[in-house]
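Student: With chain R's structure known, arrange chains V and A on it following the hints.
Chains as they are written, first to last, in our numbering: chain R, 254 to 799; chain V, 20 to 131; chain A, 18 to 465.
Bear in mind the hints are in silico, worked out from the structure with no lab data behind them.
Treat the hints with care, as some may be off.
[As the list claims (entries may be wrong)] The calculated SDA-like cross-link candidates involving lysine to any residue, where the alpha carbons are at most 25 Å apart (straight line), are:
no., chain 1, residue 1, chain 2, residue 2
1, R, Lys574, A, Thr301
2, A, Lys223, V, Pro59
3, A, Lys426, R, Val784
4, A, Lys65, R, Phe780
5, R, Lys766, A, Lys426
6, A, Lys189, R, Met761
7, R, Lys766, A, Pro194
8, R, Lys650, R, Glu720
9, R, Lys766, A, Thr301
10, V, Lys85, A, Ala372
Each chain, written out:
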Amino acid sequence: MGRSLKIVGGEVYDPANGVNGAVREICVQDGKIVESCTGAAEIIEARNLVVMPGGVDIHTHIASPAVNAARGFRPEDHRHGLMSKRPGIRSGVGFTVPSTFATGYLYTKMGYTTVMEAANAPIGVRHTHEELIDIPILDKGIYVLMGNNEFILKYLKAGEMEKVKRYVAWLIRSLKGYGIKLVNPGGVEQWKYGKDVESLDDKVYYFDVTPRQILKALSWANESLGLPHPIHLHANRLGIPNNYLTTLETMHALDGSRLHMAHIQFHSYGGENWGGFCSKAVEIAEYINAHPNVTTDIGQVVFGDATTITADGPWQYRLYKLSKNKWYNQDIEVETGCGIVPYVYREKNYVNAIQWAIGLELFLLIRDPWRVFLSTDHPNGGPFIFYPWIIKLLMDKTFRAEMLKRVHKRVLSDTTLPKLDREYTLSEIAIISRAGPARALGLQHKGHLGIGADADIAIYPKDDDREQMFEHPVCVIKDGETVLQEGEIVGSRDGKTLFVIPPEVGEMDPEFKTEFENYYTIEYENFPIDVEDIPNPEAIPAGAAR
Amino acid sequence: MSERRFTLITGRTTKQGRSVHLGKGAREFLDEISTLQMNPKDIEVLGLQEGDQVRLSTRDGSAVVKCKKGDIPQGLVFIAYGGFVNALVGSDTQATGMPNTKGIEVEVERHG
Amino acid sequence: MAESVGVKEVKVIEGVTCPFCGVTCDDLVVHVENGKIKEVKNACVLGKDTFMHHLEGWATPRIQGKPATIDQCIDAAAEILAKAKYPLIYGLDSTELQAQRKSIELADLIGANIDHTSSVCHAPSLQAVQTVGISSCTVGEVKNRADLVIFWGCNPAEAHPRHPSRYSVTAKGLFTPKGKKDRMVIHVDVRPTPTARMADAFIQIKPNSDYEIFSALRALLKGHELDQAEVGGVAIDEWKTLLEKMKSSKFGILYWGMGLTMTRGKYLNIVALLTLTQELNRFTKFQAAPMRGHGNVVGMAQVLTWQTGFPFAVNMSRGYPRFNPGEYSVADLLAHGEVDAALILAADAIGNFPAKMAEHLRSIPMIAVDPKESETTKVATVVIPTAQAGIAAGGMAYRMDHIPLVMKKVVDSPYPSDREVLERIIAKVVAMKNGGNGAPVRAGGARG
Numbered sequence: 254m255g256r257s258l259k260i261v262g263g264e265v266y267d268p269a270n271g272v273n274g275a276v277r278e279i280c281v282q283d284g285k286i287v288e289s290c291t292g293a294a295e296i297i298e299a300r301n302l303v304v305m306p307g308g309v310d311i312h313t314h315i316a317s318p319a320v321n322a323a324r325g326f327r328p329e330d331h332r333h334g335l336m337s338k339r340p341g342i343r344s345g346v347g348f349t350v351p352s353t354f355a356t357g358y359l360y361t362k363m364g365y366t367t368v369m370e371a372a373n374a375p376i377g378v379r380h381t382h383e384e385l386i387d388i389p390i391l392d393k394g395i396y397v398l399m400g401n402n403e404f405i406l407k408y409l410k411a412g413e414m415e416k417v418k419r420y421v422a423w424l425i426r427s428l429k430g431y432g433i434k435l436v437n438p439g440g441v442e443q444w445k446y447g448k449d450v451e452s453l454d455d456k457v458y459y460f461d462v463t464p465r466q467i468l469k470a471l472s473w474a475n476e477s478l479g480l481p482h483p484i485h486l487h488a489n490r491l492g493i494p495n496n497y498l499t500t501l502e503t504m505h506a507l508d509g510s511r512l513h514m515a516h517i518q519f520h521s522y523g524g525e526n527w528g529g530f531c532s533k534a535v536e537i538a539e540y541i542n543a544h545p546n547v548t549t550d551i552g553q554v555v556f557g558d559a560t561t562i563t564a565d566g567p568w569q570y571r572l573y574k575l576s577k578n579k580w581y582n583q584d585i586e587v588e589t590g591c592g593i594v595p596y597v598y599r600e601k602n603y604v605n606a607i608q609w610a611i612g613l614e615l616f617l618l619i620r621d622p623w624r625v626f627l628s629t630d631h632p633n634g635g636p637f638i639f640y641p642w643i644i645k646l647l648m649d650k651t652f653r654a655e656m657l658k659r660v661h662k663r664v665l666s667d668t669t670l671p672k673l674d675r676e677y678t679l680s681e682i683a684i685i686s687r688a689g690p691a692r693a694l695g696l697q698h699k700g701h702l703g704i705g706a707d708a709d710i711a712i713y714p715k716d717d718d719r720e721q722m723f724e725h726p727v728c729v730i731k732d733g734e735t736v737l738q739e740g741e742i743v744g745s746r747d748g749k750t751l752f753v754i755p756p757e758v759g760e761m762d763p764e765f766k767t768e769f770e771n772y773y774t775i776e777y778e779n780f781p782i783d784v785e786d787i788p789n790p791e792a793i794p795a796g797a798a799r
Numbered sequence: 020m021s022e023r024r025f026t027l028i029t030g031r032t033t034k035q036g037r038s039v040h041l042g043k044g045a046r047e048f049l050d051e052i053s054t055l056q057m058n059p060k061d062i063e064v065l066g067l068q069e070g071d072q073v074r075l076s077t078r079d080g081s082a083v084v085k086c087k088k089g090d091i092p093q094g095l096v097f098i099a100y101g102g103f104v105n106a107l108v109g110s111d112t113q114a115t116g117m118p119n120t121k122g123i124e125v126e127v128e129r130h131g
Numbered sequence: 018m019a020e021s022v023g024v025k026e027v028k029v030i031e032g033v034t035c036p037f038c039g040v041t042c043d044d045l046v047v048h049v050e051n052g053k054i055k056e057v058k059n060a061c062v063l064g065k066d067t068f069m070h071h072l073e074g075w076a077t078p079r080i081q082g083k084p085a086t087i088d089q090c091i092d093a094a095a096e097i098l099a100k101a102k103y104p105l106i107y108g109l110d111s112t113e114l115q116a117q118r119k120s121i122e123l124a125d126l127i128g129a130n131i132d133h134t135s136s137v138c139h140a141p142s143l144q145a146v147q148t149v150g151i152s153s154c155t156v157g158e159v160k161n162r163a164d165l166v167i168f169w170g171c172n173p174a175e176a177h178p179r180h181p182s183r184y185s186v187t188a189k190g191l192f193t194p195k196g197k198k199d200r201m202v203i204h205v206d207v208r209p210t211p212t213a214r215m216a217d218a219f220i221q222i223k224p225n226s227d228y229e230i231f232s233a234l235r236a237l238l239k240g241h242e243l244d245q246a247e248v249g250g251v252a253i254d255e256w257k258t259l260l261e262k263m264k265s266s267k268f269g270i271l272y273w274g275m276g277l278t279m280t281r282g283k284y285l286n287i288v289a290l291l292t293l294t295q296e297l298n299r300f301t302k303f304q305a306a307p308m309r310g311h312g313n314v315v316g317m318a319q320v321l322t323w324q325t326g327f328p329f330a331v332n333m334s335r336g337y338p339r340f341n342p343g344e345y346s347v348a349d350l351l352a353h354g355e356v357d358a359a360l361i362l363a364a365d366a367i368g369n370f371p372a373k374m375a376e377h378l379r380s381i382p383m384i385a386v387d388p389k390e391s392e393t394t395k396v397a398t399v400v401i402p403t404a405q406a407g408i409a410a411g412g413m414a415y416r417m418d419h420i421p422l423v424m425k426k427v428v429d430s431p432y433p434s435d436r437e438v439l440e441r442i443i444a445k446v447v448a449m450k451n452g453g454n455g456a457p458v459r460a461g462g463a464r465g
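Looking at chain R on its own, in the form it has when it is part of the complex:
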């Protein structure tokens, strides 16, 4: 029998259940939200406090071979955030690429309880699961990279769509993944010989298929398998001036299908070159406003240190040449690539300031908060620990005005940001940071405080300084247990690994094993991951085909 508790007197923000600041009692038993507790319950006094579901991050890079490579090659980064051991708490390092234990504690310290690791090469997923074991408290899921997978390209070339679908199901099932991720579809395969794709209709070397074909095929496979989350797309041409045209064309190509556009800020740029670099947030927001099939997370830029980590190898090569910073590249056989470049976003740098403004423009111009989610594309736009700062920018136009005085002056003249008066409400913040992402992920027991939901709860002080408020929760509850009290982690525990069980759509062909071993360097039988190797798994069933 688990713990019973009642959170009483708090102002509850539970937008999924239509609760908007009303004083409600929340009852918890055995790790779930219940109507009422059956026996004696511990009381948590929440008068004058704000109660929300635990935060849900739909897009972050916290564990993978790539993230670990970034940690290993940035010793200079870690000295900003040393974290001491305490009884029951492991030591670690923080900042842009925190160590695993630190990652769990730092998210918890903001009231977040569920995060999705956004980019994993299939052959490295076994590594990611091992890292996730050492990220305490949080529930976690893994998106699997598929947009440059040579088996998928080969099946597409041959027009064998059913094989694409079967292979996708096999990958998700074998790896205990949560969803399909695409990064610069076609472009990373081109990078394997040092090139990229320029448009949606460029042909990929040897395979003769286009990014457009890859997008459509994987979207179709995703929907016909009934996976809970739509395809999670890092579109082509990330970071490059005038990429907004590709972004619009991409969304248009998938018109009518569910689609999650990742870190859209990085895909909303105009201008023929860096000199003419400008915001196209208005055009992108307009399209999203008119197309309810699209969700997005922003990838907000935060000034200061960042580490850019992405499977988008060709983009990272460009960033290495632009920034002249150190450059890590790791191409992954059969599957994808990986590039890492440290980066500093500066307030007075024209491009960086415009990038910062674009993110905020998009937040403020996209009208439906259920379709735009809080992210920094951690640690690409900056580390996740700055979410409270972003919340303050969204909720407080006076603070925005102060920031506008500090950043490069052309933000004033070249973007719509100075004219945008909108201020997010607490309910809207609860949507973009928990209810919305949970819904887009198809996680029915997350992101809300209704009966049957996981008892993942964050209790914040009421503070007009919204950064202070969201940076310092009074109490965080995970699965019904108190994990943070008065700013300190008090009960580290294991989180769960969320994975999707796709429907049975047939075995792989008998010749697949031979093909696998021809192009990979490991045995076919050694590729799948046993569910027994994952200490706290939680299976999420797929839904009906769409």
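Tutor: Same frame as chain R, now just chains V and A:
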């Protein structure tokens, strides 16, 4: 430079890698790690015969091993990793964490 | 079937991962008869001997040279570590990931220095990557695409015997269907190692000249002419020819080894190499990769990095991780006589270290955890024998390119696994600390 001065290279060999599984006291292992490979001309210049005992001296220590002809350039000598190498390698890392383990100056002379 | 004398119990285990080196072949077939390994297929000689001789030279549990039980040894080990003011945990290559994970938890608990055999192997390579990064790839990319392979200061023929056939020389892949015929292989070293026999060309350079050579190649790549007639004992024209081969390849890779990490220049040699190979990407696809890995040393660097942020030479004495090669690396800690106790796991520190370092280890309380007797177990205060990872204990190992693979347990051992020993030491240390001041102290960690 004196004809007795050489550059010492240390490294792995197949024999060393195989025989280590027999135990570090095994004759095959000890034999491999106590054999100095030299260019045949260098052996001749020093007036040695293959199999002769030689004393190796570096800044950090010395060891007595037997010499053998090897496919190795003149001026270089080679021994497989093991206790004899350890006696010759110093522990100074110049604050890098890595001792100089290859490319070390060494004096080679007949022993006994 | 009823048990009866004379009936052989025969098991054939396929897809077995070899624990010996960083090639981490996962296609071994092991025949086990009545709990004994009878045959190993597909392995190289080094891998085969690892399995076939795994019973030879077994260590025995003992304290101060006297026979003891495992329980007594664990208590004695915990006592040494709990009392130590500045302990060292070292070795950790020939074991599996879960034990490595536990070793860091122990280091965190007792405020130890923790370092592994990379420190005296490829640590300079890691430092170089921290300095300039690296353009690299998994071995499958080399198998599928590489038309130029350079082995520089490394000797796969003797140190990584199946690397050439599985990945880099004769391997056939998507764009290299003819294997060796689709590739040019060049070996650069100070002596013609057995690897030279599989190469199309061998370039013999002078010892300790690598930094100079890479710098010259970088200058030539940028279009500068050099005054010298030769660099590193090789004519400039020959270097120009090599550079042309590099630039005109479709996919080139340079593998390097300890010929660069252990010689004068150390990590700066690798910085020059990595910068050259990064800059070649202006002309073609060019990669570089270290020939890493005795055992699962790569796995140790991985888990140490994700738990502490740093890949080697980590100090926990202040309660949080600090990293400083040259200060917290094993060679310096021992040479300066700084540590006052040591736990050496799955490595023969005394057998592999320069004499002065070994001397300090001999002078302090030392615990050796190892399946086999070694120079280290001979002099250790406490010897705890364990089941050999990858043979008598399962787990995970990492290939040299960071690809994780499962290691299977193929036979039983009367001894506990490395992981179990570490878990029991941790539990004992925690109990002793609790006994000391009454405050509750948990081992901590998500899986604590």
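Student: Are the Cα positions of lysine 574 of chain R and threonine 301 of chain A separated by 25 Å at most?
Tutor: holds (15 Å)
Student: Straight-line Cα separation of lysine 85 of chain V and alanine 372 of chain A no greater than 25 Å?
Tutor: Judged against 25 Å, a Cα distance of about 20 Å means the pair holds.
Student: Hey, lysine 65 of chain A versus phenylalanine 780 of chain R, does the alpha-carbon distance stay inside 25 Å?
Tutor: holds (23 Å)
Student: Hey, lysine 223 of chain A versus proline 59 of chain V, does the alpha-carbon distance stay inside 25 Å?
Tutor: holds (19 Å)
Student: Checking one constraint from the list: CA of lysine 766 of chain R to CA of lysine 426 of chain A, max 25 Å. Satisfied?
Tutor: holds (24 Å)
Student: CA of lysine 650 of chain R to CA of glutamate 720 of chain R, is that 25 Å or under?
Tutor: holds (13 Å)
Student: Lysine 189 of chain A and methionine 761 of chain R were given as a pair; does the straight-line alpha-carbon distance stay at or below 25 Å?
Tutor: holds (23 Å)
Student: Mind checking the alpha carbons of lysine 766 of chain R and threonine 301 of chain A for me, to see if they're no more than 25 Å apart?
Tutor: Answer violated: lysine 766 of chain R to threonine 301 of chain A is near 32 Å, above 25 Å.
Student: Does lysine 426 of chain A pair with valine 784 of chain R here, judged by a C-alpha cut-off of 25 Å?
Tutor: Holds, at about 18 Å.
Student: Can the restraint linking lysine 766 of chain R and proline 194 of chain A be considered satisfied, given a maximum Cα separation of 25 Å?
Tutor: holds (18 Å)
In this structure, only the earlier hint numbered 9 is contradicted, and the remaining ones agree with it.
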